[in-house]
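J.: The listed protein sequences correspond, in order, to chains A and B.
Under the numbering used here, the first residue of the first sequence is numbered 1, with each subsequent residue one higher.
Under the numbering used here, the first residue of the second sequence is numbered 1, with each subsequent residue one higher.
Since the hints were derived computationally from the structure, they do not count as laboratory data.
A portion of the hints provided could be inaccurate.
Covered by chain B, per the in silico footprint, the following chain A stretches (three or more residues, Cβ under 8 angstroms) [what the hints assert, rightly or not]:
1. 77-83
2. 86-95
3. 114-127
Note that the Cβ used here is the ideal one computed from N, Cα and C, for glycine as well.
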Amino acid sequence: MSITIQNISKSFGDTQALKNVSFNVKKNELFGLIGSDGAGKTTLFRILTTLLIADEGTATVAQYDVLANYKDIRNHVGYMPGKFSLYMDLTIQENLEFFATIFGTTVEANYDLIKDIYEQIAPFKNRKAGDLSGGMKQKLALSCALIHKPKVLFLDEPTTGVDAVSRQEFWQMLKKLQKKGITILVSTPYMDEAELCDRIALIDKGEILDIDTPMNITNKFNRKIYNVNAKETYKLITDLKNYPNSYSVFPFGEFIHYIDNNDNFNKEELITYLQEKGNENIEISQTKPTIEDVFMDLMQ
Amino acid sequence: MKRFKGFIKKEFYHIFRDKRSLFILFGMPIVQIMLFGFAITNEINNVNIAIFDKAKDEKSQEFIQNITASNYFDVKQLIYNQKDIEKSFKKGHIKAVLVFEPDFAKNLIKEDKANIQVITDATEPNTAITIVNYISTMLKKLQININKNTAIPYQIKPTTRLLYNPELKSVFMFVPGVMTVILMLVSAMMTSISITKEKELGTMEILLVSPLKPFQVILGKVFPYIFLSIINAIAILLLGYFVFGVPIVGSYILLALETILFILSALSLGVLISTISSTQQTAMMISLMGLLLPVIILSGFIFPIASMPLPMQVASKIVPATWFNIILKNIMLKGVGFKYFWKETLILLGMTVFFIALSIKKYKIRLE
Chain A
1 MSITIQNISK
11 SFGDTQALKN
21 VSFNVKKNEL
31 FGLIGSDGAG
41 KTTLFRILTT
51 LLIADEGTAT
61 VAQYDVLANY
71 KDIRNHVGYM
81 PGKFSLYMDL
91 TIQENLEFFA
101 TIFGTTVEAN
111 YDLIKDIYEQ
121 IAPFKNRKAG
131 DLSGGMKQKL
141 ALSCALIHKP
151 KVLFLDEPTT
161 GVDAVSRQEF
171 WQMLKKLQKK
181 GITILVSTPY
191 MDEAELCDRI
201 ALIDKGEILD
211 IDTPMNITNK
221 FNRKIYNVNA
231 KETYKLITDL
241 KNYPNSYSVF
251 PFGEFIHYID
261 NNDNFNKEEL
271 ITYLQEKGNE
281 NIEISQTKPT
291 IEDVFMDLMQ
Chain B
1 MKRFKGFIKK
11 EFYHIFRDKR
21 SLFILFGMPI
31 VQIMLFGFAI
41 TNEINNVNIA
51 IFDKAKDEKS
61 QEFIQNITAS
71 NYFDVKQLIY
81 NQKDIEKSFK
91 KGHIKAVLVF
101 EPDFAKNLIK
111 EDKANIQVIT
121 DATEPNTAIT
131 IVNYISTMLK
141 KLQININKNT
151 AIPYQIKPTT
161 RLLYNPELKS
171 VFMFVPGVMT
181 VILMLVSAMM
191 TSISITKEKE
201 LGTMEILLVS
211 PLKPFQVILG
221 KVFPYIFLSI
231 INAIAILLLG
241 YFVFGVPIVG
251 SYILLALETI
261 LFILSALSLG
271 VLISTISSTQ
281 QTAMMISLMG
291 LLLPVIILSG
301 FIFPIASMPL
311 PMQVASKIVP
321 ATWFNIILKN
331 IMLKGVGFKY
341 FWKETLILLG
351 MTVFFIALSI
361 KKYKIRLE
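Using the sequences and the hints given, assemble the complete structure.
T.: See below:
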């Protein structure tokens with residue numbers, strides 16, 4: 001096990017940030033912590049990176065206890081905090097060299113590990129970090145977190161504030177890093193990214209809702225989901241919510257995801273109902289549940 | 001060691017790439033020393049005065065000539081009636097009016113006494129008092145001149161000598177004072193800001209989750225400022241010597257060691273401030289209000305401590321700058337040896353050790 005977390009709880013004053021959280025991350029796993037803002041993701045990251053002390057529970061990272069062996073952990077993990085914590089007045093190269101020296105290594109020594117990432121920003125290596133785009137900052141921050149070849153990599157919302165293309169590239173890079181033997185714990189509020197992880201933990205209000213592979217999580221979901229579409233989306237949502245058999249309704253991309261209370265859902269009945277309410281161009285088709293559907297359902 | 005070097009290199013990048021901190025570091029000392037040296041002074045020069053000479057005789061003329069001949073006063077206006085005195089004060093361009101009584105010379109010679117009235121604008125009390133003193137001194141000289149030929153029985157003649165600052169130059173007081181202020185500002189404020197900056201930008205999180213030990217981070221942050229403060233101290237002393245003629249009578253080595261001790265105490269205060277503030281702004285406010293103000297007001301730099309009310313005198317004792325000021329004046333102006341200020345040095349050393357210990361104890365190895 002690369003990371004073990006047992007019954008961790010943490011409060012800040014009256015707000016309980018983490019409630020009895022337990023899970024393990026296997027060696028060489030790409031593990032996702034999925035949850036909205038304020039779910040407790042950052043607090044958990046900070047406990048694991050020895051920045052905070054849990055009120056209750058124990059945790060180990062790379063076999064080191066987060067309390068007793070915090071110094072060892074600090075030697076062996078890479079950490080990329082929520083905001084890209086770089087020195088904005090230092091250039092790309094200076095940032096990278098600085099982080100290499102404080103970890104007692106050199107850029108050259110571990111260059112193969114960051115090569116793929118660094119090559120993309122290398123043409124701008126004399127540009128100050130403050131002048132970089134979100135995607136480039138992200139790549140630089142990742143390079144800096146990797147430069148000492150950590151055993152475990154902690155990435156706290158690495159894709160927030162980064163464009164879609166960069167996000168995709170970023171996940172490809174993570175997959176490559178995983179192949180090089182690094183355990184990665186990544187947190188994200190984006191549900192679509194969850195499917196790219198080996199296993200995920202869904203977290204809300206400091207509690208773990210479910211832990212499994214993305215596939216198992218969606219397969220476990222035993223309700224049928226329908227894509228509904230009509231001319232006026234807003235009207236459609238209100239009408240669906242008022243439908244007597246409605247279980248849940250929420251917008252999902254260009255469609256409305258609708259779940260019915262009955263297992264033997266009658267499509268024609270719903271169409272008639274919606275037509276009576278004055279909706280036009282109604283389309284209804286069954287679809288596969290996504291992580292987001294499961295998450296929305298678990299949160300209810 | 002390599003880690004430490006890398007850290008210090010980074011700190012120098014920060015300092016030299018930030019125009020604001022560069023200005024505070026190198027512009028401020030020059031500006032301050034020039035300001036205090038030239039503009040803020042207790043001496044009076046070319047003060048505008050008016051004269052209401054009711055006598056218009058040889059003695060009053062002689063005295064007026066004496067006054068105009070000195071550099072201290074410029075006779076700007078002659079007044080011919082009582083009402084105009086008030087008027088010219090209200091206009092504000094004169095600071096004092098000299099009124100000679102009618103028959104000034106006659107009274108002086110026949111009755112052995114004559115009167116001059118000195119009216120001053122006391123909206124600036126220090127200037128007013130200085131003007132009165134200067135004029136009285138001139139009068140005394142005139143009197144001695146008149147009595148030159150007559151022997152006065154039972155005369156007490158004070159012979160005065162102004163030690164260590166014979167010309168009573170206020171810049172002698174300001175150079176050591178400004179040095180304390182600048183060193184406090186550079187060392188304490190700049191370090192506290194540079195440490196809290198890391199907290200604010202989140203880079204402190206990464207530094208904490210790294211093999212760097214807390215004392216390495218602190219030392220790395222502090223070291224560049226020790227270096228820059230020493231350069232500043234040298235610059236101030238050179239400016240003082242070459243521009244204002246402030247001498248360094250005592251030992252240079254002693255001066256250097258005492259200065260480094262004071263820099264260390266200021267730096268430890270800066271670290272202490274950074275442990276209790278989470279943003280650069282708070283750090284700056286605490287440094288300005290909590291350090292700079294006491295240094296200027298309580299350290300005896302501008303206002304003599306002996307004439308302060310008791311609570312403030314007590315407060316001045318806990319300001320490190322007070323002790324450094326005493327040490328500085330001892331070395332620079334009096335040129336005395338260590339045995340004359342070992343007590344002050346010991347107090348300063350004690351304070352430094354205390355602040356360093358406290359800031360190490362307060363320094364957080366985690367975020368909470």
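J.: So, for every hint listed, does it hold in this structure?
T.: Hint by hint, here is what the structure shows:
no., hint, in the structure
1, 77-83, "holds (count 5)"
2, 86-95, "holds (count 6)"
3, 114-127, "violated (count 0)"
When the structure is compared with the earlier hints, a violation turns up for hint 3 alone.
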